[in-house]
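Student: Here are the chains, one letter per residue:
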Amino acid sequence: MSELLGYVLSGLVTGAIFALMGSGLTLSYAATGVFNFAHGAIGFLAALLHYELTVGLGVPSWAAAAAAVGVFAPALGYALHKAMFRGLAQAGETAQIVGTIGLTIALPALGLFLVDLLGWLPVDVAHPRGLGPTPAATVTVLGTALDTDQLITFGFAVLAAAGLWVFLRHTPYGLRTRACVDRRGLARLRGIDADATSAVAWMLSSALAALAGVLAAPVLGLDSHAYTVLLFASATAAVFGRLRSVPWTFAAGLALGVVQNLVAGYADVFEEVTGLRTAVPVILLFAGLVLLNRSRERVAGSTAEDAPPPDYLAGLPAWRRRLPWAAGLAALLAFAFTAPDYYVGVAAQGLVLALIFCSFVVVTGIGGMVNLAQAAFAAMAALTCGWAFASGLPFFAAIVLGVLAATAVGVLVALPALRLGGRILTLATLALALLADQVLFQVDAFSNGTIGWPLPAIGFGFADTTSPRVRVVVLLALIAVVAWLVRNLERSASGRAILAVRSAPAAATTSGLSAPRAKIMLFALASAIAGLGGVLFAVSKGSITATDLPAFAGFVWLAVVVLQGVRRIGGAVLGGLIAAGFPELLANWGVSAHVGAILFGLGGVILAKHPDGVLAQLAERRHRRSPTSRPAVPQAPPASERVASAAGTAGRGDGEGPLFVLDRVVAGYGDCTVLRGVSLEVRAGEVVALLGANGAGKSTTCAVAAGDLPLTGGRVLLDGLDVTPWPAHRRARAGIFLAPEGRGVFPGLTVEENLRTWLPDPAPVYDRLPQLAARRTVAAGALSGGEQQLLTLAPALVRPPKVLIADEPSLGLAPRVVEQVFALFAELRERGVALLLVEEKATEALAVADRVAFMRLGEITWTGDRGDVDDDRLTAAYLGVA
Amino acid sequence: MRGMVLFTAAVLAAAGCAAQQQSGTAGAAGAGVTATGVKVGGVLTKTSATGYSTKDAEIGARARFERANAAGGVHGRRIEFVGAEDDTQDAAKGDAAAKKLVQKDGVFALVPVHAPNFGGAAFLEQQGVPWFGWATGPQWCGTKTGFGYNGCLAPKPGAGSQTWWGRQMADLLGGAQGKTVWVQTSDSSGSKYGGKTISQSFEAAGFTVVGVNSALPAAAPPPDWLPYVNKIMTSNQGKAPDVVVSVIAGTKFNAGLYAALKKAGYKGVLTDATSYDANILKDPAQAQAFEGVIAAPMFEPFESSAPEIRQMREDVEAVVPGTRLTQHLAIGYWSADIFLKVLEQTGKDLTRQKFLDTANSGFTYESAGFGRIQYPKDHDEPNGCGALVRIQGGAFQVARNMKCFDNVPLKP
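Here the protein sequences line up with chains A and B, keeping their order. If you're matching positions, the first sequence starts at 1 in the working numbering and goes up one per residue. If you're matching positions, the second sequence starts at 1001 in the working numbering and goes up one per residue.
By construction, these hints were calculated from the structure, which means they are not laboratory data. Glycine included, C-beta positions come from ideal geometry on N, C-alpha and C. Accuracy of the hints is not assured; some may be wrong.
[Stated by the list, open to error] So, partial list: chain A residues that the calculated Cβ filter (under 8 Å) puts toward chain B:
hint, residue
1, G11
2, V13
3, D147
4, N261
5, A264
6, G265
7, G275
8, R277
9, D341
10, Q442
11, P454
12, K541
13, G542
Next comes chain B alone, as it looks inside the complex (with noise of 0.2 Å):
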């Protein structure tokens, strides 16, 4: 016992004298800059057990990067993309992806992460390496590094939320005064925080929220939806609500309520934040589910005639031919092209440290692809801007341009 202890603290000596030498070249400045290039990579969810992918991230992030590198680069470097790793929606994995990326293959940032689960925050915040993406958890809200390119949409009470989903579908449905809304989430902390979120903008557009209900089983979509629609059926004094809106993450599940509720006979308005997805349009049992539906990107859509969207395609079509734009694609490409913004001011001396603090210190940047991103303010809040795209006759029509609203605080 005493051999084994004596042991222990020799090794444990030794063990501190390599640390220290090892802090010195830690974090080393420069990291990931060379006087030609600068190394990017980012972490997606190609693969998930639910089947949740955001792998097209990856197209849209290389589509913006090529033309920057066409262009000559940012201050004479070129992007070196390194792609993207797959997380698989395990945070653990994430978390080992991205020290892969910053201590393997020495990136200087990470663009784009997109993923739900993202489990690298702690890391890259405690390493100061900057981190592009979309910011759907609580993970990136607060810190220094975490950059959602629409802001950090999980913000905590009091800080500000959105509520341009509210507003523009009162907008679009002509006044939200007498007309009452529904919003399902399914039976976890993150969809019920959601909810919380979601309800409040329609609230600040002048809707009466009849119902918020969880009661949707979270690991897979329940066999049968009549319990779960007769509720939302009977809501609004026994009628139904004017509008349904969905949180859950999937389209299955949205697919299911969908096709329970018109079984049931709704005639209501039907909106979710994940419908705009041109796969779904691909199976006529699902389309039928999803005619009618509202659903709410937080980008300009593909249908639009603003010229950063032809830029986009084009940029896409450059580097993938016959490609065709999806939400995630869209996502990757907008964090992409802010993180060459930021470089840009920067300038040409080079660290992530002047990165930071260029990003950090009262960066504006506006667009008619994502609205408007203000930093350090939008590490708290989401940006408050946002489109609708309604689906008829089985293809997606613009119901509303990309416009920014107010945010109102987080109610506790």
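Isolated chain A (complex conformation) (with noise of 0.2 Å):
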């Protein structure tokens, strides 16, 4: 029973540190969407800080850490924030997973670079101090020796999870924060700066990662693979709080600590698997996702995330199209014909890791899936090859056999992603690579132990494959295959299939679209070609054992191809050559091995702002610089006339100029122009409603008045002030409230909360609407869709801002509640405030309004008082007939 006890108690010192990571992991998650696979790296060049700290420069260890934990990381996780996750936020699933894992090699390769340049103390894996006394002293705590830096780990686990729970609970910037990871864009209409919130978020989250890193050190040691090591069972705490709820997370961290002590202590029926133990985080990973985590929206990747890029090329001829990629063929052909046998190799390497790279586009590219376990594939394929042949049978037969080993795998692994979507696939997939590693490929008669299996050349008659020009040759011809294949793929019915499961699995799945054969097939095909590579990369090698495609090379691999452009076989190819190649010249150079993945880690900051590829931004920059690819817009008339313009409007009524204007503004969705020259003016006091049809541009309107979405042409102003380009929070906070269409509420947020984020003190919200007051500590999606429309609207009655503009607020309610909704917009009338109503429905709107204007294809096309609408008027504007 003590054994029992000290198992539990020492295993929630470990679980401490799982929880910690965790927890920063979580929170950085679900206030700005990114997974950051690099929360390790910092934790690891915090450690590496507090090092050279203490054990080099003689500082003492509470003041290095303090240094390391609550300066140092929180800097790195603001200037991370600038640099990169900032702009991956925005980027899509895909260049979100490999910016991070970029980084996961980039931040520990930069710190040891630095400690080399700085000429600091060499960094010595086993000897980091911990915060305690050193050597540590042993104290007894219920019968279990429990040393004196495992008290502090404890101690400083607890004090962060009541802190971190203080600072999102009760103070206003865990409030925003929360806010935020509810919903972001409604945040920014409350005049939350959701940019400042995600920076705050990525500090603390750096910083909680430091604190674990720096507790974690005096066990680890600096050993950046044991933090990643260390990040992957801390995921696995992460997923078992639903990447959402912090205290959730904190506590499977500390679970997670007891279960490895369990395990280890008692569960010796498992020796005989070699592996297995040590899998456990991974196996509790894969099971968490796949019990608790079912997507519940999106599936596959969704085209509002992962959009594919215009094709700029479009308009060239086909020749045209082709000639940089023939071009490069026949130098590579010559290439490889008259280089000496060494760099013809090296080429011949980086087509192998070109034909890995090929499945990427297939699951990746045209399926929006990133699987992590591509590596695994490979490995899977190339061992059974092996195996097969040592078993007598014939090559041939033996490399199918590989292949369709592969092949199997990859739909297994199909089948739980025909549950889950988007970044839980990615980590199933991460889980499946991980367990592949330590378990699968470490059993002997599958692997032959660490010796491998040996594998003979693939001979033609006249030539065989130990020569590198002839796999260079044999290589191109496999890739011209996968490349025609999947051009057919993308051209078929089912490519079609699956770009409308990709997009839309809801629509497709009623148009009678099988998603899981799509996706089943999708995973078969790229496991096959990764099958098929891994088969050749054995051959070419002439060996294959279960090292040599480890886990950790897959998303290495995946990081190389979506920097290239992962949409198509040319950025396969491409990222093939340059990832055999680069270290090559980094070498002849004479350049550390620490600036290769510096710069590896560069590309993911380029992937933040350009996340299609290299490929991508290429052809995007050629349409740029062509003179004929401009898009027509309508020209925004010059400042002058503007002015005048905007004068003429002032100039007009009672003398009293318009608080808000809209000034002949052109906005719309990337080269789709909707408002083409909208002008519109509301002043202090009047109730300006804007009817039109359905798809008349409304919301678009509404949008760019709260500064939602950047225009291209005109300009708002309010009170005068150009307020163009200020973003919606600072629109917000400057007096301009939008009541977007649907519910303007935080969901998540209890009533109090949810009033909070706009008033310092709700009370007055309370006197007024006692239906609030009694559901104060609910959360405000439980509430019916009046009292959300209300929640809504209160806070404007208590700080009414200068201009309000509600989008379609009478939609969906009870004819009641309408009344209530309609009789605050007279009182806020009253009270001063600039209202601008949009509605579809005319009749409500019509009767508070003072003036009205007609909307009807981006354009405003009758304004004029109340007194002058009639039948013929409505009936024009809605059905464009004169």
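Take the two lone chains, each set in its own frame, and fit them into one complex as the hints suggest.
Tutor: Written as structure tokens, this is what we have:
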């Protein structure tokens, strides 16, 4: 019994480190939507700094820890937010994963490189110091011997947890962070600077990673690899917190520490299966993903997040599009037949990688699913092929068997993919990749221990693949076949089905398309390609061992391909050649290997700005340069004319200038222009109703007015001040309040917290609206539609804005509630608020409006006083008849 | 589609011709050898994610080659040592490094190769390029070209397996009778294999092995040692065993295990193969964890008074003054030493084939530094020699000098 207690107690200490690491991961993911694979690397950097300060410079341990955790880590978090995470948050899932994987490699390399450069104490993996006395003293707690480092670890974890709870629940920053987590777009409309909130979240999350890193250093040593392992274990805790709840993540982290100890202490039955006990966190990670995180929304990538870039080269003739590739191919072949063996070998190795990389084009480029298990597929095929050949099968049959084995594993991986989507699927493939590495490939009978299997060359009678020249040609031919397959797939009915499933899973299902079949096919094809690549990798090396294609290689590969462009075979080929050639160049120039890793991380920064990779960026640049490609956007009138027209409108009316002006606004989404010169003005104490049919551009007008959508022409004036460049949160603080279409509440926050996002003290609201007072502790998402709309508008009653814009305020409400809502508008008008009501249904709006504007196809077709509106004008506005 | 097939066929045919032309020059006679020099380079794990580094082997090899050159070279040929590549403990990088040295730099042989996860074995064997180093992995064994300086340390079942560690320990402890041993490995197939050969070594010496445990996670040290230590402390019928052998690579692992065992009150003998490393004594906390540990190096300890060790010290001092002698340095040095011996015996007329023929037809060489090496026998089994060093008062003391013992067949 005392043994069990000991395992639980000391397991809690280990768990405290998982808990700290996991909480930071959950916090930053929930607040910004970026899952940071580099979280462990940040911990490593902090531990490295702590080591240099204490052991190298003799700074007291507590001061060094304060510097690393309290100053360095937040600063690093802030810098990364500015340089990378901010861009990545908008960049789609693939770019996010790849960007942070790049950081995982670059950050430790940067740290070690700087240590070299500054001539600091060389890193000795084994000697980091803890926060407590060195050597640590032993203390007995409830009959269990714990050392001072362990006690300090647990103490800090508890402190950090309590601090985090107070911060999130009881400070304005915490409320803003949670509001951003809940509905980021709405938070901006309530004057919350979402960008600043993200920065705070990153700083806090980095500090948590740093604390975990410094506390773990005496146990793990200064080994960046061990920190990555720690990150995976912490990810398990985060997944059990559903990547949303910090308290649950914390609890799961503690529990994971205890479970690990219990397995190590009691589960001797697993001893026969090498690696199974090591893999406990990974198994739990996978289980947690499949059981707890079933995707409720998107199941594959979505068009909203992962839209392909426009085909800028579409206007070019086919020969011109293919010319660079044909020239490149010719150059490569010429190189292969003239260059020395060694360099041709490097090129051949690059093409082997390129063949494997083609599988990313299928599963990620076409299917929109990020798969981190590709190295495991390649290793599976190569090991199976080696095993089959060693067991006496003919070589060709062994190759086919290897490819089939990879395909089978691919289908197995596809099964969880049917339930999961997005990052959850990515993490599941990560878990499977690690599981394959740690358990499956450790089976001696399968991988032949550490020696692996020898493989012969592929012979063609007159030549065989021992020559790198033959390998180059064979691989080019295979890549051509794969390219042809991929092209046919994209153009076939199956290709369209895949695209449909990727873009709109629900719609695809109702159209009779089988989402499972499409996904299984993609995974099968991709893993077959990866498997073929793996076999060729083994053949060109002459042997294959379980450690030749480690799981982590798969992550790096994905990053290399995505950096070039994952949607096309060209990106894969370029990626393969770069992956093989780049280290060679660095070595030739005598550059430190750290520099290569750092450059690789910089790729992630580039990706944050150009998520579709280098190839797409080149095409886009060409497109920008070309004079014929300018979109035909209505030009805003010259400045002088605009000022005159603004002055003209201001001069009209009661001699009092309009409070809020949209002046010839042009705006749209991408290359599609929606608003074509919209001008509107609203005076203080006036209600303007903006009416128009569905699709007229009303909601876009609202978005432009609130600052949610940037303008391409024209300007927005508030009280005579040009607020056009202001972001949404700044306009909100200046007094522009948008009640968006649907409900403008944070469903995850309570009624009280919702009010506090706009009001320092919500008490007056409760006096006015007693039905809200009764439900102040209820989550807003649980309110009825009417109550939600009242909650949306209530803050404006207590702290009236200058301008209130309401987008479809009556939509879906009971008539009595609609009455109540419009009574609120009347009251606000009396208090001098400028109101812009946007409605599809005219009746209620017309009842309160002073003036009316009709909108059609992105233009204002008529503006005038309420009294001038009759049925003919209404009909004309909606039906477009003159 | 038909166009592409034709194109592919044409390209394949062209490749075939080129390949045939090439095959004449590949593996050319006299590669890396001129009238005045022999070009040599190595592959080491200089950097790695786990911090393990064998980079000192380069200094060791260079020191030995410099002495040979100072003495006029071997048969009038100087050793042109191009230095060592770093494989970062990545098999694919090791393969690339081997190809670079052979194809681009044009070396005659790879000396020293000291990388636990070396991936270039298949290429070197296929090209007939000799390689010398520390044969810790099975990729060395059974080859014609891979020469471990103390034989193949990963013999197949049925081949000879070392007994020196157990027998030296028995001699040190005044007999093995009635003494119990616990062998601790980590959860990977490589470490489990090591546990098998080493427990057999202790059994052959007369110890009672009370447990071979592989529960330790392989990737990173466990954050908490308690469950592992509890097992050890009760393995000998509820008591602690007399000897704990650690077969885990990595100072961090060993430091954690030893500190935890001492915290739990362990008073017996601790021994491992990797702690003969001056670095571990630098940190006071760590030195305390390692106090009393018996390290088992597979070469004569530097504290020895043997003339070969004095010579090594002088050679290293001549190349990089002030260098501290380390395990990896010694391995590089002795690998180079054996390579030079074969080179000398091959004679004036030097090709890779002649060199391999000389080495693989009854080559025997003895030295107080590494014991005795015999090829081709030691392509398949270890040379069976080793020493013991005790860590006491923050310094190393020779406990048993280098001695060779007979191998026993490895049980399946």
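Student: Which numbered hints turn out to be false for this structure?
Tutor: Violated: none.
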